[in-house]
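Asker: Work out the full structure, taking the sequences as your base and the hints as a guide.
Chains A and B, in that order, give the protein sequences. Under the numbering used here, the first sequence has 45 at position 12, and the numbering climbs by one with no breaks. Under the numbering used here, the second sequence has 39 at position 36, and the numbering climbs by one with no breaks.
FYI, nobody ran anything at the bench for these hints, they're computed from the structure. For clarity, every value in this text was computed on a predicted model and none was experimentally measured. Some clues are possibly wrong.
[As the list claims (entries may be wrong)] Here are a few chain A residues that face chain B, going by a calculated C-beta distance under 10 angstroms:
| id | residue |
| --- | --- |
| 1 | Gln61 |
| 2 | Asp64 |
| 3 | Leu67 |
| 4 | Phe70 |
| 5 | Arg72 |
| 6 | Met76 |
| 7 | Ser83 |
| 8 | Thr85 |
| 9 | His115 |
| 10 | Arg120 |
| 11 | Thr121 |
| 12 | Ala129 |
Even for Gly, the Cβ is constructed at its ideal location relative to N, Cα and C.
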Amino acid sequence: MSGAEIEYSVHAEAMTEVMTIELRVAAQPLDQALQEFSRQSGMQVIFFSSLTGGMRSPGVTGTYTVCAALEQLLAGSGLSFHLINPRTVGIRKEGAP
Amino acid sequence: MTRDRKLNRAVGEQAAEAWETFHGTEEASPVEHRDFGAWMVRSPENIEAYVRVSRTMRTLKAAHIRWPDTPVETLIREAKEYTEQVVKPLRDAGSADEQEQRPRIAPVRFAFAMAAMILIAVAAGWFVWMTPQTFETGFGEQRFVRLNDGSGLTLNTASTVEVKLGKSHRVIRLIRGEALFDVAHDAARPFDVYTGQIVLRAVGTRFDVDVRDDRTTVTIVEGVVSLTHGLEGALPQGNTPLLHASDRVVIDAAGPAAPQHGVRLDEVVAWTQQQLVFNSRPLGEVAEEFNRYNREIIVIESSELRSEEISGVFKANDPASFVAFLANIPDVRIRDDGRGGHVVTLDAAVESRP
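Answerer: So, in structure tokens, the structure goes:
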């Protein structure tokens, strides 16, 4: 593996709000929708499996910023996301620290 | 490789080819019989080579006969029977006047003597005749290899395979590590994968084999594969289980476990994209996955934490992000191990929670 890993110089929040990505994630179980989002956006995603148990996501299709896409994917789930670093999204309960 | 008497390599290859002609999937033609007879009587070396090839091939093909375990007398008897059997079609295929001649008896006797001599020598195995191609990856490295038969081989980190593509048989030995096989369809040439524990046979299919310590994990991505528990050369038996797409079997010292069905394949093949995909995997196993690719070793000491299940998608070469995730979990403490790695613990008060 080369050391060509991309290091974003832009501040994480700014980047995820400005950069838009083309997405086509179908409505499906939430855990799978998040993994599909990861594949299409290139963002890493991680969460405790118990959080998403049995939940479905409405999916997201179109051009979105990372933040807007995640908001849509998580709509109605009672979950929120936070950026662990510029390339990694964590999922947690809404209002959790 | 072996200490027994070296045979001319070209002779060995001719003998191997002859063996394949007579024992492969196709019927040998009368012309081939005649050519073979002419070749056999040309020199004692040819006979020796042929007997050696037939011995080692039969050894490979027989699931339970292995060189060191078989008494020499048995081997001699088999070699004798076998040699006579080989010579017989020559008389059948030849012309009438050839049938009256008996010159080939001498080669038979000679072959018998040769066989006895050979049996004393160290078993060389079929691979005497073919130098294997070896492909290797280092720690954290991956590699795709396109084989001559069109099959594709993707090697994961720290893996070694030996490849032999014969005219009637394709053999891959996965010596260590993990590989994803994309088998080019060729019904006349079975594609066998040996791991030391099992033999997998595929015709045209895609499957992943992961060898770690004393455990082999086989996952079928496409097509059908037969799995035989045993050493190299073991052949599928009547009750050999057939594995289909999304089936997984774990084989340990006790043998193969019952197949799991409906395995998530994205998780299985993600490594070929340098990705780690986890679907409800214990944190301990996730850390071990990262440790397969990176020198930044992550050790999770808390058993409670290790068993917590997570899902997600990561780059295999980005353990730092995984560590950052761990650091965000309440009550988790992370310290450096002094060698560039991380030791992850839970606060003592939390760990002792009932």
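Asker: A separate judgement is required for each hint: does it hold in the structure or not?
Answerer: These are the hints, each one checked on the structure:
1. Gln61: violated (13 angstroms)
2. Asp64: Since chain B brings a Cβ to about 5 angstroms from A:Asp64, closer than 10 angstroms, the hint holds.
3. Leu67: holds (8 angstroms)
4. Phe70: Interface hint status for A:Phe70: holds (9 angstroms vs cutoff 10 angstroms).
5. Arg72: holds (7 angstroms)
6. Met76: Holds. Min distance 8 angstroms.
7. Ser83: Hint holds; A:Ser83 Cβ to chain B Cβ min 7 angstroms, cut 10 angstroms.
8. Thr85: Holds: closest Cβ of chain B sits about 7 angstroms from A:Thr85, inside 10 angstroms.
9. His115: holds (8 angstroms)
10. Arg120: Status holds, d = 6 angstroms.
11. Thr121: holds (4 angstroms)
12. Ala129: Holds - the Cβ of A:Ala129 comes within 10 angstroms of chain B, reaching about 9 angstroms at its closest.
Figure legend: structure checked against the earlier numbered hints; the only hint not met is number 1.
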